[in-house]
Amino acid sequence: MRIDTTKEHSELAEDFIKDDEKASWHDGALWWIRQKRDIQANKTPQWEELRQAASDIKSNVISNLQQYLIQFEENLTKNGVKVYWADSAEEHNEIVYSILKAKEIDKMVKSKSMLTEELNLNEYLQERGIEVINSDLGEYIQQIDNEPPSHVVLPCIHKRKEEIAELFHTHLGTEKGMSDPTLLTRAARKHLRNVFHSRRANLTGVNFAVAETGEYVVCTNEGNADMGAHLAEVQIASMGLEKIIPEKKHLGIFLRLLARSATGQPITIYSSHHKKPRPGHEMHLILVDCGRSRLLGLKDFRDSLKCIKCGACMNTCPVYRKSGGLSYHNTITGPIGAILAPNLDMKRQADLPFASTLCGSCSNVCPVKIDIHVQLYKWRQEIVKSGYVSNSKSVSMKAMTLTLSSPALYKATGKTGRWLLKHAPFAVNNKFNPWYKQREMPYGPKESFGEWYEKNGKKDGKE
Amino acid sequence: MTVGLFIPCYVNQFYPGAAIATLELLQKLGIKVVYPSRQTCCGQPMANSGFEHLTQGCDDLFIENFAEFEYVVSPSASCVLHIKDHLHSQKDHLAAESLRGKVYELIEFLTDVLKIEKLDASFPYKVGIHQSCHGLRGLHLAQMSELVAPGFSKPKQLLDMVQGLELVKLDRQDDCCGFGGVFCVAEEAVSVKMGKDRVSDHTKNGAEYITSADLSCLMHLEGILHRSKSKVKIIHIAEILNANL
Numbered sequence: 000m001r002i003d004t005t006k007e008h009s010e011l012a013e014d015f016i017k018d019d020e021k022a023s024w025h026d027g028a029l030w031w032i033r034q035k036r037d038i039q040a041n042k043t044p045q046w047e048e049l050r051q052a053a054s055d056i057k058s059n060v061i062s063n064l065q066q067y068l069i070q071f072e073e074n075l076t077k078n079g080v081k082v083y084w085a086d087s088a089e090e091h092n093e094i095v096y097s098i099l100k101a102k103e104i105d106k107m108v109k110s111k112s113m114l115t116e117e118l119n120l121n122e123y124l125q126e127r128g129i130e131v132i133n134s135d136l137g138e139y140i141q142q143i144d145n146e147p148p149s150h151v152v153l154p155c156i157h158k159r160k161e162e163i164a165e166l167f168h169t170h171l172g173t174e175k176g177m178s179d180p181t182l183l184t185r186a187a188r189k190h191l192r193n194v195f196h197s198r199r200a201n202l203t204g205v206n207f208a209v210a211e212t213g214e215y216v217v218c219t220n221e222g223n224a225d226m227g228a229h230l231a232e233v234q235i236a237s238m239g240l241e242k243i244i245p246e247k248k249h250l251g252i253f254l255r256l257l258a259r260s261a262t263g264q265p266i267t268i269y270s271s272h273h274k275k276p277r278p279g280h281e282m283h284l285i286l287v288d289c290g291r292s293r294l295l296g297l298k299d300f301r302d303s304l305k306c307i308k309c310g311a312c313m314n315t316c317p318v319y320r321k322s323g324g325l326s327y328h329n330t331i332t333g334p335i336g337a338i339l340a341p342n343l344d345m346k347r348q349a350d351l352p353f354a355s356t357l358c359g360s361c362s363n364v365c366p367v368k369i370d371i372h373v374q375l376y377k378w379r380q381e382i383v384k385s386g387y388v389s390n391s392k393s394v395s396m397k398a399m400t401l402t403l404s405s406p407a408l409y410k411a412t413g414k415t416g417r418w419l420l421k422h423a424p425f426a427v428n429n430k431f432n433p434w435y436k437q438r439e440m441p442y443g444p445k446e447s448f449g450e451w452y453e454k455n456g457k458k459d460g461k462e
Numbered sequence: 000m001t002v003g004l005f006i007p008c009y010v011n012q013f014y015p016g017a018a019i020a021t022l023e024l025l026q027k028l029g030i031k032v033v034y035p036s037r038q039t040c041c042g043q044p045m046a047n048s049g050f051e052h053l054t055q056g057c058d059d060l061f062i063e064n065f066a067e068f069e070y071v072v073s074p075s076a077s078c079v080l081h082i083k084d085h086l087h088s089q090k091d092h093l094a095a096e097s098l099r100g101k102v103y104e105l106i107e108f109l110t111d112v113l114k115i116e117k118l119d120a121s122f123p124y125k126v127g128i129h130q131s132c133h134g135l136r137g138l139h140l141a142q143m144s145e146l147v148a149p150g151f152s153k154p155k156q157l158l159d160m161v162q163g164l165e166l167v168k169l170d171r172q173d174d175c176c177g178f179g180g181v182f183c184v185a186e187e188a189v190s191v192k193m194g195k196d197r198v199s200d201h202t203k204n205g206a207e208y209i210t211s212a213d214l215s216c217l218m219h220l221e222g223i224l225h226r227s228k229s230k231v232k233i234i235h236i237a238e239i240l241n242a243n244l
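Just so you know, the protein sequences line up as chains F and X, in that order. Each residue of the first sequence is one higher than the one before, starting from 0 at the first, in numbering that gives the first Met the number 0. Each residue of the second sequence is one higher than the one before, starting from 0 at the first, in numbering that gives the first Met the number 0.
Treat the hints as calculated values from the structure; they're not laboratory data. A portion of the hints provided could be inaccurate.
Each computed DSBU-like pair below joins lysine-lysine, with the alpha-carbon atoms no more than 35 Å apart [as the list claims (entries may be wrong)]:
#1 F:K42 with X:K230
#2 F:K21 with F:K308
#3 F:K436 with X:K155
#4 F:K410 with X:K168
#5 F:K21 with F:K175
#6 X:K101 with F:K35
#7 X:K27 with F:K445
#8 X:K27 with F:K436
#9 F:K410 with X:K203
#10 F:K21 with X:K228
#11 X:K168 with F:K454
#12 X:K27 with F:K35
#13 F:K17 with X:K232
#14 F:K298 with X:K101
#15 F:K6 with X:K155
#16 F:K17 with X:K125
#17 F:K445 with X:K232
#18 X:K101 with F:K17
#19 X:K27 with F:K21
#20 X:K125 with F:K160
#21 F:K42 with X:K31
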């Protein structure tokens, strides 16, 4: 089912938490992955040095992006890969369509591409009579349920196996109520095997694009990206500009970090290198900007382009774990999504940087050391300055600042019924008093510390 | 040594006991403590809500109140972190910079500046430590579970000096409680869910008290405990370190 795109994160999260038992299960499932990540990190010598190295390499990449992209394009061309540049979703989708149309292809299989989710490629192609099937199990499940992925690496982590059983019963004809994960996977596999055999075109995302050699690497566990690439005569790869790494040897750092951070595996089952088309086959690669070069120009936020989409920040984020990925109403969810989204549409995504307690756990697990929680704080300032904040909040913030900047006013209001009780952040939107809904208010003591100190603090002459 | 006592606005108004304990504890350790009476708030609630540009008045007032002291100490990790990270002044840049360097949260002041090795305190109860995120990941009061690095814990170091106190082991040593300033009302459902889950980690592991360097977290957890009529109590760490029960 589709989420309600008019709702804010807090409302969608509240909907998710209504099923408290499921929210706890979701929290536990992701926490378990976070623990698996911790075990792997602690078993890897020089883990923190690896993170620093990866971060430094990516700093170099985003500072010299133009040079690396040109080098990558040259090498791709030498290898016989056709290269395209797309500034927008529309341009990207048109390119894919033109490639398919030239070969009179009306069915395509897709794998490992969050980017084409961001660009709404499936809808675009479907409107033009081209059927797209997402072949990775999680993405396939989300597609048949007409829902976007809720997590970059675990697209249907918010669904329990019973919900998947129900979907498979409807779409694949499995026995009603049969929710054995192995049997469900087999049913999907059998169906998808037929899909692979009948598709002439395959599209994948890119994990790492090596400027030095003009090859790209796709990391998967299921091998669907490989099967698609091997069977199809037309192979398309779509990548964001930031996926570049300078040299092949740098993969030694990124591949060690990626799977450990993502799922707590030492490495993905497949780390496949794609370099040149086989005789009689075609390879196309589309470099997509879509807001990325704009982000590059924002000093405080450009480091978010270092992201390798491991999802570790989602697994560790307590807000994500309790609220579910779909509550972020953005293709990339969780903390990293909340700092990427405002660059794409600040008005619609104005709530996301506020969907955080700024606890900082995200920045600590990030394998490329993006200062995610600092950027969340900075986006809040940008959003308020741009006026995407409710009037009532602006007024109450100004009143609060005035009072808190004035000792006399603060003392006077404090005495008259604990002014903060009404105006402090935990009660600032006082209309329905959300604090009190599930929590008791703090008991107001009969005197403040300041009042006590006036009477008692100075008596002992220690001031 | 004269210490300026910085008591955050909500501690002043709701939890004077923690402020008194901080004052008494420092005095017991032979420190001269002064509480500048014109202090209000560090400005964090506005800044974290995106209104940092409105906090200059709070910053100026903070500098006016505390610039003269050798050290500034506060029983709130979150407010101290805000000062350390964000205190600025148009009028006196140097004063702001100097203050950012000499403001301390109480625990780190005891372990890093005073380097105390023993305490005359007793508290015969089972206690769970709630690591506030700003204390943990901002001020590094303990090792963060995400990092590969040797473990340490400054609050534990101090609580181990308290007679009769038994620390309970939690399932999740440093998961956020969900207070988060304005987050606790703007994202009420998530905030309460996070808080309930933290409370249940402490209660199922046998804690009679939940303690922390931050009363903002504890105020949120207390609201949840009171609503469920739980017998488990919250207590600021200063009150334990100052206790003689």
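Against the structure, the hints come out as follows:
no., hint, in the structure
1, F:K42 with X:K230, "violated, 41 Å"
2, F:K21 with F:K308, "holds, 25 Å"
3, F:K436 with X:K155, "holds, 34 Å"
4, F:K410 with X:K168, "violated, 41 Å"
5, F:K21 with F:K175, "holds, 21 Å"
6, X:K101 with F:K35, "violated, 39 Å"
7, X:K27 with F:K445, "holds, 26 Å"
8, X:K27 with F:K436, "violated, 41 Å"
9, F:K410 with X:K203, "violated, 41 Å"
10, F:K21 with X:K228, "holds, 25 Å"
11, X:K168 with F:K454, "violated, 41 Å"
12, X:K27 with F:K35, "violated, 46 Å"
13, F:K17 with X:K232, "holds, 27 Å"
14, F:K298 with X:K101, "holds, 29 Å"
15, F:K6 with X:K155, "violated, 43 Å"
16, F:K17 with X:K125, "holds, 33 Å"
17, F:K445 with X:K232, "holds, 20 Å"
18, X:K101 with F:K17, "violated, 46 Å"
19, X:K27 with F:K21, "violated, 50 Å"
20, X:K125 with F:K160, "violated, 40 Å"
21, F:K42 with X:K31, "violated, 48 Å"
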